[in-house]
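Enquirer: Between the sequences and the hints, there should be enough to build the whole structure, so can you do that?
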Amino acid sequence: MIRDLQLPLSRAQIRSIVEAQGAPLALWSGAVSSGKTIASLIAFLISLTVAPDHGLIVIVGRTLQTIERNLLDPLQSTHLFGPIARHVHHTTGSTTAVILGRTVHLVGASDARAEGRIRGSTIALAYVDEATLVPHSFWMMLLSRLRVGDQSRLLATTNPDGPFHWLRKEFILRADEVGLTHWHFTLDDNPSMDPGVVARLKAQYTGLWYRRFILGDWCLAAGAVYDMFDETRHIVDLMPYMKRWTAVGIDYGTVNPFSAVLIGHGEDDHLYVVSEYRYDSNLERRQLTDAQYSHNVRRWLAGVRRPGVQGDARGVQPAWIFVDPSAASFMNQLYNDHVPSVTPAVNDVLDGIRSVSVALGSGLLRIHRSCAGLLGELPSYAWDEKAAERGEDKPLKADDHSADALRYALHSTAHEWRGLINDEEVASAAA
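Residue numbers 154 to 584, in this note's numbering, belong to the letters of the sequence shown in order.
Keep in mind that the hints were calculated from the coordinates and are not lab data.
Treat each hint with caution, since some may be false.
Computed spacing ranges between beta-carbons, pair by pair [what the hints assert, rightly or not]: (1) Thr385 - Val251: 53 to 59 angstroms; (2) Gly235 - Arg458: 54 to 60 angstroms; (3) Pro497 - Asp552: 20 to 26 angstroms; (4) Asp433 - Glu384: 21 to 27 angstroms; (5) Glu330 - His568: 40 to 46 angstroms; (6) Glu172 - Pro205: 18 to 24 angstroms; (7) Ala481 - Ile167: 50 to 56 angstroms; (8) Pro497 - Arg571: 18 to 24 angstroms; (9) Ser345 - Asp370: 20 to 26 angstroms; (10) Glu384 - Pro161: 41 to 47 angstroms.
Where is the CB? At the ideal position from N, CA and C, for every residue including glycine.
Expert: Laid out in structure tokens, this is it:
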């Protein structure tokens, strides 16, 4: 099977594949793009060929979509798996796949309710993608379902999380007691990685994310969330012409401040926070209605000066307006006022923080000096260390309104701007 692959394997990958055979519980952890997923998938395919006929075969991920993207798409790539890919059959959206002639059940496990999807099952072989994102209760239920004697196997991958995460405390640190075979991977363990891509990844991730996703450390979320923020690097007084008004992000507040930030795509292929609107009812001693906020946002956008345009040209129409998903009444107000392109923001907090960190760390994002609310929040936006000691990564919920608005706008458009990060920015970030 390994001879059919279309990519080289490192010594660490080959060792893990060999050692995984017969291991009841196998875990690949470490840096992003370190080759652990490819090694684990090869081990899974080998295990699949010898899995007993009785008992289910399951692949578990956070959602069906992440299973398709992270696992099935690579398995169906002839570039990666050569002729093996022709034996991987799946219809997008289906909860089963046929791999090497075996039916494989695809299980999304985004919350504790997912354990009901495997309760009562007898499982012969399981593969778990990103195990730290699977609920603890689901993982324990999955282990209890591996009931085909000594022939049952569970293979899993993960990026590191905090040092108090249950996967590290209860399994990695007790590997011998629980029968876990564990391998730690770094970027150097992936021979397929282009040196330029490695440099780009190292430049994009900073602080907590660098330690976890580049070094592969199980480390505590502590200190400033955006510790890569640098006034001399990220604050600008002059901006170029904006070839696209990418998005507005809005964090809604009545008692708390209401904040909106406008992001543009400059002709120099950088992203700019061009302007912000902020209203703090505590300072103004008056709360506003949804209709008043809608009016003020529309008036703000109509008055934004367009940089790089001769004269005093004003008024912009953003491609998207992303609103705090909990602010349903305000979104309805915007709809009623015929404001176009309004949609709920993607509100995955940690993933969103990571997107902002990538934009700042790579040097892609710059912020105009006039955005005082955002610039006042970014340096003091901090991790909740008490939550970290409980095994949770959470920022402190204080003075975060403009920071949240920025997160909404950037993370909801991450698929559009990640390709703008180029080698020149990598070099400047590494300098």
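Enquirer: None of the hints should be skipped; say for each whether it holds.
Expert: To see whether the hints hold, each was checked on the structure:
1. Thr385 - Val251: 53 to 59 angstroms: holds (56 angstroms)
2. Gly235 - Arg458: 54 to 60 angstroms: Since glycine 235 and arginine 458 have Cβ atoms about 56 angstroms apart, the given range 54 to 60 angstroms holds.
3. Pro497 - Asp552: 20 to 26 angstroms: holds (24 angstroms)
4. Asp433 - Glu384: 21 to 27 angstroms: The hinted range 21 to 27 angstroms holds for aspartate 433 and glutamate 384, with Cβ atoms some 23 angstroms apart.
5. Glu330 - His568: 40 to 46 angstroms: holds (43 angstroms)
6. Glu172 - Pro205: 18 to 24 angstroms: For glutamate 172 and proline 205 the Cβ distance comes to about 21 angstroms; the hint holds.
7. Ala481 - Ile167: 50 to 56 angstroms: For isoleucine 167 against alanine 481, whose Cβ atoms are near 53 angstroms apart, the range 50 to 56 angstroms holds.
8. Pro497 - Arg571: 18 to 24 angstroms: Holds, at about 21 angstroms.
9. Ser345 - Asp370: 20 to 26 angstroms: At 23 angstroms between Cβs, range holds.
10. Glu384 - Pro161: 41 to 47 angstroms: For glutamate 384 and proline 161 the Cβ distance comes to about 44 angstroms; the hint holds.
Hint check: no violations occur; every hint is consistent with the structure.
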